[in-house]
Every structure is written in C-alpha cells, then in structure tokens.
Amino acid sequence: MNKVWAVIRREFIERVRTRAFLLGTFLFPLFLAAMMVLPALLLTQSSGTRRVVVLDGTESGFGGRVEEALRGIKRGDGPDAPPQYESSVVRATGERLEAVQDSLIARTGLGQKAGPSLSGVLVVTDAGLASGRLQYFGDNAGSPAAMGELQGTIRPLVTRERLEREGVDPMVVMRAIGPVSVATQRVADGKLTGQSGDATFAIAYAMGFILYISLLIYGIQVMTSIVEEKSNRIMEVLASSMTPFQMLLGKIVGVGAVALLQLSIWAGAAYGVTTYRTQLLGLFGVDAAAGSGIAGMIPSLPGSLLVVFLIFFVLGFLLYSAMFAAVGSMCNTVQETQQAQFPVMFLIILGLMTMFALLNDPNSPLVQTLSYVPFWTPFVIPVRYSMAPIPITGLLVSAAVTILGMLAIVWVAARIYRVGILSYGKKASLKDLWRWVRTA
Amino acid sequence: MIPPVIRVDKVTKRFAGHTAVRDLSLDIPKGGIFGLLGPNGAGKSTTIRMMMNIITPDEGKVTLFGGEGTGRELSAKVGYLPEERGLYKKMKVKEQLAFFGETKGISHRDAVKKTAAWLDRLGLHDWTDKKVEDLSKGMQQKVQFIGTLLHEPELVILDEPFSGLDPVNAQVMKDVVVEIARQGRTVLFSTHIMEQAEKMCDRIAIIARGEKIVDGALTDIKREFGHRFVALTFHRNAEAAARVLQDRRLVAKADDYGASAEVELAHGAESDALLHALLQAGVGINRFEVVEPSLQAIFIAKVGHAAATATASGDDR
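Read top to bottom, the protein sequences are chains W and P. Numbered according to this note's numbering, the first sequence spans residues 28 to 467. Numbered according to this note's numbering, the second sequence spans residues 1241 to 1557.
Since the hints were derived computationally from the structure, they do not count as laboratory data. A portion of the hints provided could be inaccurate.
To be verified - Listed below are the simulated BS3-like cross-link pairs for lysine-lysine, each with C-alpha atoms no more than 27 Å apart in a straight line:
no., chain 1, residue 1, chain 2, residue 2
1, W, Lys30, P, Lys1317
2, P, Lys1332, P, Lys1317
3, P, Lys1371, W, Lys30
Quantities reported herein were computed from a predicted structural model and do not represent experimental measurements.
Using the sequences provided together with the hints, build the complete structure.
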C-alpha cells in the first residue's frame, strides 16, 4: 500500500509542478474575473454621458417626449447610476429645419478640441413618424449597442404617438400586447426545488462538459505518461518492485487527484468571483450596480446534485482512464496512440452526444436505457438528476451497474496493461490483446 | 544446509518465434559474486527477468530465498538493475532516488537520507538537485545503480552493469560490487565480457542459446576443463625435473628444453602438487607460472566459436 502511495505522490507532485498545470489552473480564475470586471468596466468607461440634441420638426411637440425619455435612461442598474444622455430639444419646422440640422451636425463629433461638442442629433419629423424612418446623425452611429438602445427607447414612443393620432387609447393597446411568459419551476419528489428550468439546464450542460473535458485532458495524460514510461524503460524498474495493478492504481489515482484539485480550484474561483463580485468590481473602481456581468449566469448548485455528480465523475474517470491506460500500455510511441485511442474517444464523444439527446427529453426510453450502461452513466445520470427526478432505487441501481462495469473494465485493462507495459516492438493487435487478457 | 539464494529449476521460456530459455537449472548460493555469462541473445536477460518475476516461465520454477515468495514480493530484499536503464527524465536526481527507495518499501525519510549518502560516495553530490535529463549517460547510470542499492538488498541482480561505462566509472562500480560481496551479500551480474567476469566472480554460469553450458565455482570449472599449463625454468637438477615430468598423474604432456619446460597439467591435477613434487625432488626453480585457460577459451571450446560470437537474439534451433 505504501508503494501505491509513493506512486500517487510522485504522479501528483510532478504533475502539479509542471508549467502547464500552473498556467491552466491560475489563468482560468483570472479569465473568470476578467469576464466579470471587463464588461462592467467597459459599460462605465467606454462612453461618457452623451450630449444629444433632439431636433423636433413635428407640429405636436413629439420631440419633447422623446427627449424626456432619453433623459430617463441611466448607465447601469443602480438607483444612483449616472444618466446616459445629456439631452436638449431644438424646435425647427418647415424650411428652417434643414438649416438648423446642418448647423447642429457641424457641432457634432468634434472631440475635446473645440468646446462643447455634440454626440449626435436625432431628427424627428411628422413625415418620419408616418413612414417610420427617423434620422440620427452621430459620432456613435457605428455602435450597434448605442443604436439599439436609441431605437428601443424611441419605438414605443412612436407607437404610442401613432395610436393617439389614430384616436386609439394607447393604454388599451399596451394592456393587450403586454408580455406573456411561462415561469418554469423544477419539481422533484413532489416538492418545488425553487430552481428555474433554465438554471438547471445550464448546470446540466456545464457538468457534462466538465466531465468531457476532464476525461480528454487527464485520461490522455494517463495514456501518454504510460507510453513515456515504456519508452524510458522505467517500467521494468517499477515492475520489479510493484505489481502492475499497484502501478496502474497509483497512476490513475494520482492523475485523478490532480484533476480534482484543478477542478476544485476552478470551482472555488467561480464561487469566489460570484460571491465577492461587489468587492472585486470595487477594486477596479466600478460601481457594483453597473453591469451584471456573468454573475447572473452562474446558478446555485444544490448539494445533492453535487454529490451525485462527484460520485459519477469519479466512477467515470476511473473507468475511462483505465481504458486509456490499457491503450497506452499497448503502444510504443505517442503517435501510435492517436489511432489506438479511437475506440475510447468514440465512447466519450458518444457520451457527450447522449447528453444533448437528454437535454431534449430527460425521460425518453433511450435515456432510460443509457442510465444503465456503464460507459454512459457518468454522462447521463448527473444531467438527468438535475433535470427531472430519479427515484433513489434507480440511482442506486445505476451506481451499482457503473461500479460493476468499472471494475470489470479496470480488470480487463489491468490485464492488458500487465503484459503491454513490458512488450516492445510491434503494436498489439486485437488478437494479441485477447491473448493478453486470457493469459494467467 | 543453507538453501540457495536463487534456485532456477528446469525453466523454459518461449516467445512468439523462438525459445529464449530452455530447461535451465541454476543454483546461486548465498554470498559472493555470481557471473551469468553468455553472448548477446543467449537468454541472460530473460533468465534474470524470470528471477525478478517480471515475466513468468512457461515451464519450471524460480524460487528466491528458499521459496519465500517472488522477486516482486521480496523486492525489499532484492535490488535489480535492468539491462534497459530507465529514469524519469524530468525528475530531480534526489527525488527520483527517494521514489525508487519507496517503491522498494523503505520510508520516505530513510530514502532521502540514504540517497544523499550514496550521491556523495559516487561523486554526484553537485547533481543532487539537477534534473535527470541534465546528466550525462554515465552519471545517469550511476544514479540508476544507486537506485538499485538504496534499500540495502541482500541480493543484488545486475543486468550488464558495466556496459557503456568509462573505465573510471566502471572501476567505481566494481569497487561497490566487491564491497557488497565482502559484506556477505549476494551479487549476481550478467555480462557478455568474459574477462570481466573472470576477474570478479567466484562462481559463474555460461549459457548460450538459452541453455546452460557449464556452471560452478570458477576454479573448479577451470580444473575440470584441463588445458592448464605451467611454464617452468630451473637452474639445478634438471634430471630430477625430467623424472617428475614423466609422472602422468600430474603431467599430461611436457616439452622439455633442458633448462626450461612447458608443461600441460594432467586432468584434475593440482598445480600445487606439481610444485611440491619438484621441490621434493630437489629441483632448483627460477620460475613456476601457472597459465590457466581463459574463460573465453573455455567458452569457445564448449560452445564453438560461432555460438560464442552469435549476436542474433532470435536465432531458433
């Protein structure tokens, strides 16, 4: 047992020390923090308050209402967020309109150099109201976000104005076209979970992906490091003091521990960044109220789901890395593994794809069946659990099936490994593998 | 009677195309240096791997220490230097060695302490914190050698320990091996260089094409082989000498030149007995030099020149 510990510790320490691990582990939280801070930062600092003149050419003074609406827009969500626009109205009708418009445009977009400069001129005319084509001249006309906001502000006002002109009470219409939505709530075991359907979807999706990525990164690490040990001929030194099973166990657990460490650092970072969002934004001098960033996108993770996920994650990792280990042991070079790993990759990719099928209908017969196939339970069960209730017996049966399947595959993989690690030369054929598994 | 440290009992190992070891039996007694000799591809490494239980024999049985377990189970008592050297290239020397020690069952702290002592002894002190890949080939081999001995095994098995070493490093390793044997521990090493074995080994076994040609104590082997010569020069009583040289119990053949003679000892005769007989006869001796046949000569005589130099590992019979 001490020998297995020695292997686990070696694998763990040597891997954690690599530059790739350190970079990967600590860049992700930085990236997450950047994702949080940057949008908020951009929102507050990219454009200051915009000076906009509404050139009102209507008989009814509609421009005044537009200007009022613009003045109400604030940057960010908070109650004391600064206003987005510093607006004013200039009235000009008939022939004067064009002259005023030209003189206003001449004062637009001058930058800092020439006194008070305008950001833009919004021209509102009766003809424009009728045709639905209003004009805006501005230095920020190229910004889709700014233009979208401007249009969004004007559109209801125009609708209202048109309705009034047709003699229809706008309030009636507003009530009639008021939004309709179906609020979704997850029910498990006959109880409300307090989670919305969207949130669980995101969790399920993320979990499947985390499993997929971890299997790819760390499963392949197990495989390549075995090939390296073979080509370094270090295998023989190890094989003289340990059983192949001890070597295999130590390697998989060691690499698995690195995977768990990295994942927990990432999870901790995600949690920290969302929890201390206000302080984090404060560091950059950004008001917490400004910009919701990605905080709203990270839903809370229920404890029971985390447990189910971890159990199946570990089982899946053991199962697949044992297979990767077997592949590594039968190859002599990393290049050879590219081809030999295909069956394993195929199973993993299939697992990811069943997850998409699952997201469509968590209770379909296909999904029910896959819940009992060891290769795919690690993908299917946590996602299913997050979306629709699974009876506890079903959960236990799935876990049991997975454990049995995992043990069977580890057993076969260990037998291949046992022979493979000391076989050099030709890459093993299927027939060879079968012989390796059978020999005592 | 003390059981042999290693008993190889009628062992056969076949690989896909050929038989690597055929019906091989060997007893390696406790203590001393045992040489496993043979040309390349003779089955030395296969035999050693079976001793270490890295591969299992198809037929027959290998027992260590009188049957307490396999080489792997007894790895705390056995040190093994494989023919193909293997180290983790990215690991630091001291951590690499501590890891090897741990896989042999000694504690981490112990392993670290012993590593430092060995690195000092073999002149690798300045390389303690270097990565293995920064070391020269010879230094790597010394590191591997330390890894084999770190846990102070009772039995040390070295597969071609001196290949690829410069004379200075080979000397250092030889000194260590001799010292281990002096401490009453057992060393078995394989080599295809006969001269080396001749100088170091108490006992040897020669194998070729997977079969044992001869084994036993080196002196016995030489005596049984015969063809031992004595170069004699005498300054007095040449007639008496000539009479002694007629004795067919001692001398098989003699070329008498009057003041000197080249004598081939009789089969099984001791050179001591001849010297004694000459002195008793009152012969004045200037020179009495026993010229023993070299292992190389014995080997060639036993297996034929072709087999002695065969290098192909896959030659089937």
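Consistency of the hints with the structure:
For the hint linking Lys30 of chain W to Lys1317 of chain P, the alpha-carbon distance of about 15 Å falls within 27 Å, and the restraint holds. Restraint check: the Cα-Cα separation between Lys1332 of chain P and Lys1317 of chain P comes to about 25 Å, which is no more than 27 Å; the hinted pair holds. Our distance criterion of 27 Å between C-alpha atoms is met by Lys1371 of chain P and Lys30 of chain W, whose separation comes to about 23 Å.
Consistency note: the structure conflicts with none of the earlier hints.
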